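Trainee: Sequence:
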Amino acid sequence: MNKTFTVYAAAALSGVVLIGILGAAHLNKPEPVDALGCAQDVQGKTVIVLDTSDEVATQTRDEIVERVKNTVEHKIRDGDLVSVFTVNDLSKKNLVPAFAYCKPRRTGNELKESTRMLERHYVTKFEKPLQAAVQAPIKGSKESPIAQSLIDLSLLDYMRSNGATHLVIFSDLMEYTDRFSLYRCSGGAQVIKTFKESRGATVARPTFHNVSVELNIIPRSDVSAGVGRCRDTFWAWFFGYDEGPDARLVPSNLPG
537 MNKTFTVYAA AALSGVVLIG ILGAAHLNKP EPVDALGCAQ DVQGKTVIVL
587 DTSDEVATQT RDEIVERVKN TVEHKIRDGD LVSVFTVNDL SKKNLVPAFA
637 YCKPRRTGNE LKESTRMLER HYVTKFEKPL QAAVQAPIKG SKESPIAQSL
687 IDLSLLDYMR SNGATHLVIF SDLMEYTDRF SLYRCSGGAQ VIKTFKESRG
737 ATVARPTFHN VSVELNIIPR SDVSAGVGRC RDTFWAWFFG YDEGPDARLV
787 PSNLPG
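For the sequence shown, counting from 1, position 34 maps to 570 in our numbering; every step adds exactly one.
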């Protein structure tokens with residue numbers, strides 16, 4: 537009797553242990569992700585726009601890199617999608633991200649997972665490619681279609697989120713193309729009218745929902761005070777279609 541009981545008890549104990557192991561494995565099983573390292577339900581998105589149409593001073597470039605780093609470390613949650621777009625004359629016809637990936641977890645429970653593997657994944661798949669996109673050489677271009685690029689971006693899935701979207705722009709905001717130029721800006725009403733006419737039957741300004749817009753303005757010594765005021769009026773109108781609890785427009789100057 538005792539021998540039979542011992543056998544049954546051992547079998548039952550083994551079953552409990554096996555169930556525990558399988559249960560733990562199921563709980564710790566990583567959530568399926570897509571090619572961008574994103575889970576099925578991405579709650580937040582951050583889009584970083586770098587205007588590379590003109591050269592910038594060294595201190596300006598350094599501050600851009602530092603602000604991007606601060607945004608990634610302190611304002612973006614794990615699992616949120618981060619994308620980087622550069623603006624130059626090619627953006628008018630080929631607006632694709634220089635980088636796009638969901639921010640991975642960097643730390644975890646050492647008793648349940650390999651924190652070394654988490655760190656390696658974060659660095660190789662996210663941190664280094666993001667740094668490469670932000671620090672890529674600025675080649676300059678004949679045009680700076682920053683407004684057109686932002687309109688096109690507003691229509692892409694990179695800007696649509698179940699939660700909030702954060703749009704971080706680094707630019708002098710001086711749109712100039714073969715159809716429109718802010719350098720000829722003489723008055724707010726006039727420049728808005730001219731821009732609308734240059735757009736023809738296409739969308740004249742973006743429509744955002746729950747998007748916080750951060751304007752990091754690159755200084756240009758060749759922009760007069762009058763043109764600067766005209767430019768500011770234009771962009772206040774341009775970003776006028778935004779609603780939601782997180783909708784806001786925050787301008788900030790860069791050194792240089």
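No lab work stands behind these hints: they were computed from the structure.
Since the model is a prediction, treat every value here as computed from it, not as a measurement.
Among the clues, some could well be false.
Calculated cross-link-like contacts (lysine-lysine; reagent style BS3-like; alpha-carbon spacing at most 30 Å) [claimed, not checked]: (1) Lys611 to Lys678; (2) Lys605 to Lys664; (3) Lys628 to Lys664; (4) Lys629 to Lys661; (5) Lys629 to Lys675; (6) Lys605 to Lys729; (7) Lys661 to Lys675; (8) Lys611 to Lys664; (9) Lys605 to Lys628.
So the derived label-pair ranges between C-beta atoms look like this [as the list claims (entries may be wrong)]: (10) Leu572 to Ser722: 42 to 52 Å; (11) Leu691 to Thr713: 15 to 25 Å; (12) Asp598 to Lys675: 16 to 26 Å; (13) Gln726 to Ala668: 38 to 48 Å; (14) Arg720 to Arg656: 50 to 60 Å; (15) Arg656 to Arg784: 18 to 28 Å; (16) Lys729 to Asp614: 22 to 32 Å.
C-beta: ideal position from N, C-alpha, C; glycine also.
Trainee: Each hint: holds or not?
Mentor: Taking the hints in turn, this is what the structure says about them:
no. : hint                         : in the structure
1   : Lys611 to Lys678             : violated, 34 Å
2   : Lys605 to Lys664             : holds, 12 Å
3   : Lys628 to Lys664             : holds, 27 Å
4   : Lys629 to Lys661             : holds, 28 Å
5   : Lys629 to Lys675             : holds, 18 Å
6   : Lys605 to Lys729             : violated, 38 Å
7   : Lys661 to Lys675             : holds, 25 Å
8   : Lys611 to Lys664             : holds, 18 Å
9   : Lys605 to Lys628             : holds, 28 Å
10  : Leu572 to Ser722: 42 to 52 Å : holds, 44 Å
11  : Leu691 to Thr713: 15 to 25 Å : holds, 18 Å
12  : Asp598 to Lys675: 16 to 26 Å : holds, 19 Å
13  : Gln726 to Ala668: 38 to 48 Å : holds, 42 Å
14  : Arg720 to Arg656: 50 to 60 Å : holds, 52 Å
15  : Arg656 to Arg784: 18 to 28 Å : violated, 36 Å
16  : Lys729 to Asp614: 22 to 32 Å : violated, 45 Å
Checked against the numbered hints given earlier, the structure breaks hints 1, 6, 15, 16 and satisfies all the rest.
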